[in-house]
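Peer 1: Here are the chains, one letter per residue:
There are 2 protein chains.
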Amino acid sequence: MSFDVLQDKIIAMKNPTVAGLDARIDYVPAHIRQAAYAEYGKGLKGAVEAIYQFNVGLIDALCDIVPAVKPQSAYYENLGWQGMEMLERTIQYAKSKGLYVIADIKRGDIGSTASAYAEGWLSGTAVEGETFKTFDADCVTLNGYMGSDSINPFLDAAKAEDKAVFALVKTSNPGSGELQDVGVNRGGTVYGVMARLLEKLGQGTEGKYGYTRVGAVTGATHPAELAQIRTMMPHTFLLVPGYGAQGGTAEDVKFAFQENGHGAIVNSSRGIMCAWKKTGGDGHDFQEAARNAAIAMRDDICRFTTIQ
Amino acid sequence: MSFDVLQDKIIAMKNPTVAGLDARIDYVPAHIRQAAYAEYGKGLKGAVEAIYQFNVGLIDALCDIVPAVKPQSAYYENLGWQGMEMLERTIQYAKSKGLYVIADIKRGDIGSTASAYAEGWLSGTAVEGETFKTFDADCVTLNGYMGSDSINPFLDAAKAEDKAVFALVKTSNPGSGELQDVGVNRGGTVYGVMARLLEKLGQGTEGKYGYTRVGAVTGATHPAELAQIRTMMPHTFLLVPGYGAQGGTAEDVKFAFQENGHGAIVNSSRGIMCAWKKTGGDGHDFQEAARNAAIAMRDDICRFTTIQ
Chain A
1 MSFDVLQDKI IAMKNPTVAG LDARIDYVPA HIRQAAYAEY GKGLKGAVEA IYQFNVGLID
61 ALCDIVPAVK PQSAYYENLG WQGMEMLERT IQYAKSKGLY VIADIKRGDI GSTASAYAEG
121 WLSGTAVEGE TFKTFDADCV TLNGYMGSDS INPFLDAAKA EDKAVFALVK TSNPGSGELQ
181 DVGVNRGGTV YGVMARLLEK LGQGTEGKYG YTRVGAVTGA THPAELAQIR TMMPHTFLLV
241 PGYGAQGGTA EDVKFAFQEN GHGAIVNSSR GIMCAWKKTG GDGHDFQEAA RNAAIAMRDD
301 ICRFTTIQ
Chain B
1 MSFDVLQDKI IAMKNPTVAG LDARIDYVPA HIRQAAYAEY GKGLKGAVEA IYQFNVGLID
61 ALCDIVPAVK PQSAYYENLG WQGMEMLERT IQYAKSKGLY VIADIKRGDI GSTASAYAEG
121 WLSGTAVEGE TFKTFDADCV TLNGYMGSDS INPFLDAAKA EDKAVFALVK TSNPGSGELQ
181 DVGVNRGGTV YGVMARLLEK LGQGTEGKYG YTRVGAVTGA THPAELAQIR TMMPHTFLLV
241 PGYGAQGGTA EDVKFAFQEN GHGAIVNSSR GIMCAWKKTG GDGHDFQEAA RNAAIAMRDD
301 ICRFTTIQ
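These protein sequence lines are chains A and B, in that order.
Under our numbering, the residue at position 150 of the first sequence is numbered 150, and the numbers go up by one with no gaps.
Under our numbering, the residue at position 46 of the second sequence is numbered 46, and the numbers go up by one with no gaps.
Hints are supplied without guarantee of correctness; some may be wrong.
Copies of the same chain look alike in the list, so a pair counts if it works inside one copy or between any two.
Dumping the calculated EDC-like pairs for lysine to aspartate or glutamate here, alpha-carbon to alpha-carbon at most 16 Å [as the list claims (entries may be wrong)]: (1) Lys-45 to Glu-85; (2) Lys-277 to Asp-60; (3) Lys-42 to Glu-128; (4) Lys-42 to Asp-26; (5) Lys-45 to Glu-128; (6) Lys-208 to Glu-49; (7) Lys-9 to Asp-282; (8) Lys-45 to Glu-130; (9) Lys-42 to Glu-130; (10) Lys-9 to Glu-161; (11) Lys-208 to Asp-8; (12) Lys-277 to Asp-156; (13) Lys-9 to Glu-259; (14) Lys-14 to Glu-259; (15) Lys-95 to Asp-64; (16) Lys-14 to Asp-300; (17) Lys-277 to Asp-8; (18) Lys-42 to Asp-285; (19) Lys-133 to Asp-162; (20) Lys-45 to Glu-206; (21) Lys-14 to Asp-285; (22) Lys-200 to Asp-156.
It is worth saying that the hints were derived from the structure and are not from the lab.
Everything numeric in this text was worked out from a predicted model, so none of it was measured.
In isolation and in its complexed conformation, chain A is listed as follows (with noise of 0.2 Å):
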């Protein structure tokens, strides 16, 4: 689904914010882990399903407040094709609670293989004239070194599916620097270029909002780039990670957003998957601590910017 779609419920929930769905086994309360392996064995599979029976226990605690959750694609493939297979069933699941689902796969490449690539997660693949739809997620994020060739195949396919993307800008991690943040000939840096270049693949793609189908990601951590990746992107939605556990706080976040608090969305997923960990329970109440960090994270990031 287009942005639209995601800013319709950012407004309708007054939270700008994606729950990231990141499941590592040891995220999983030892009641889950234990009751899965009792019926799957304590291997791949077993640790399959109690990372489904933690993920649905989330998107049902946090459906009616959370507007997106965010599958990152490394910890489905940690766990090989039974992970693939499980993140299929997350995705679905997640899709029939209403909420929009952003799978974060950051893929990158080109012509033929960027299209399979958009096939499998947006627009389904054809065997002998009949679509299959798998993995089926409303967004991606991709990883745009390759150039427009690697973006241009899943705006295709978002066209024509009513989906968008997601490409990284400037990330929020300690190494982002040493390539995005060199500085160019032609003024700026690394990131200024991919900016513009994703500001321009969009263009013709504006919804209802002003906002393309190309998004960007833009680290919370670095509060001055993103302000100023808003200000070089008027017509980008943006994803901010790095809010909460990697040090990105909601003074810092308000940049993404335009004058009317519209324009971007913020991750977290440590602090809302692991909040049982901080409940001093043992982790009985996850999905309950897990509902109260997510409200947290909406009235704080609420403190900085008003959603109108």
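With chain A held as given, fit chain B onto it using these hints.
Peer 2: Structure of chain B alone, referenced to chain A:
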């Protein structure tokens, strides 16, 4: 396995090429497709099994003349979790036939997320103290736009498992220059910054041939840049896509090799997989056609490059 193992195989076979295993269902001869559909239905499962039979046939036809295969993850994700299950089988089968397996995944993420990917693809995932290997390739491709944080977790896994990685430097696609060729203030280009970063990250991991565990992807379609990168990265093993269908020639790729003919491997995907489409037959000869195409590619490259 490290680049030592790969270079050993290349020297033994006098063949510095890698065969892509990027099967789309329409690359598979009709008789294989029909047999798979008859057994598994004309859907994802039928397509997956048809491609697996095709992969097995290609591996059998190539394993005594080609040192390595490169399955491209996109063509497996394209088919959902069932495609990923088949990728695990394909990697296992290729390894059982003595082939070096480069999983072309171009992943790029940071911190614990990059570690999760590295576990899934290289070193295995721990569940309650026991380690499970799933995709278990010898080597993966990476995208370093996010900086050294996105390479180091894979490098750690590669060191622990005696494996290796390739990261993108200058890619073979028409749009590669949009970001990679941009001139930087410190001199040179964005891909030059990436080249220096990778050469440095690998330092201290050199094997018996002098190459680190951090290889670089550099397209055959830009021979001048290829020659420059070969000089800039004397301790870096190169993976060279773009030969054949994309327009790179044997004379172009000679620049990827050092004087002794070491230090690079050239990829061909469609040229080998789809060779049967050019014989005038109905695809029953796909193994012979692939083998002949692989031999022709080897001989073509060795006209300009002598492996000592």
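Peer 1: Next step is simple, just say for each hint if it's right about the structure.
Peer 2: Hints, verified against the model:
no. : hint               : in the structure
1   : Lys-45 to Glu-85   : both (11 Å within a copy, 13 Å between copies)
2   : Lys-277 to Asp-60  : neither (19 Å within a copy, 51 Å between copies)
3   : Lys-42 to Glu-128  : between (39 Å within a copy, 7 Å between copies)
4   : Lys-42 to Asp-26   : within (13 Å within a copy, 40 Å between copies)
5   : Lys-45 to Glu-128  : between (32 Å within a copy, 12 Å between copies)
6   : Lys-208 to Glu-49  : neither (40 Å within a copy, 44 Å between copies)
7   : Lys-9 to Asp-282   : neither (33 Å within a copy, 53 Å between copies)
8   : Lys-45 to Glu-130  : between (31 Å within a copy, 13 Å between copies)
9   : Lys-42 to Glu-130  : between (38 Å within a copy, 9 Å between copies)
10  : Lys-9 to Glu-161   : neither (18 Å within a copy, 46 Å between copies)
11  : Lys-208 to Asp-8   : within (10 Å within a copy, 59 Å between copies)
12  : Lys-277 to Asp-156 : neither (42 Å within a copy, 29 Å between copies)
13  : Lys-9 to Glu-259   : neither (18 Å within a copy, 61 Å between copies)
14  : Lys-14 to Glu-259  : within (15 Å within a copy, 64 Å between copies)
15  : Lys-95 to Asp-64   : within (12 Å within a copy, 48 Å between copies)
16  : Lys-14 to Asp-300  : within (12 Å within a copy, 63 Å between copies)
17  : Lys-277 to Asp-8   : neither (33 Å within a copy, 50 Å between copies)
18  : Lys-42 to Asp-285  : neither (23 Å within a copy, 46 Å between copies)
19  : Lys-133 to Asp-162 : within (15 Å within a copy, 37 Å between copies)
20  : Lys-45 to Glu-206  : neither (43 Å within a copy, 38 Å between copies)
21  : Lys-14 to Asp-285  : neither (25 Å within a copy, 62 Å between copies)
22  : Lys-200 to Asp-156 : within (15 Å within a copy, 38 Å between copies)
In this structure, the earlier hints numbered 2, 6, 7, 10, 12, 13, 17, 18, 20, 21 are contradicted, and the remaining ones agree with it.
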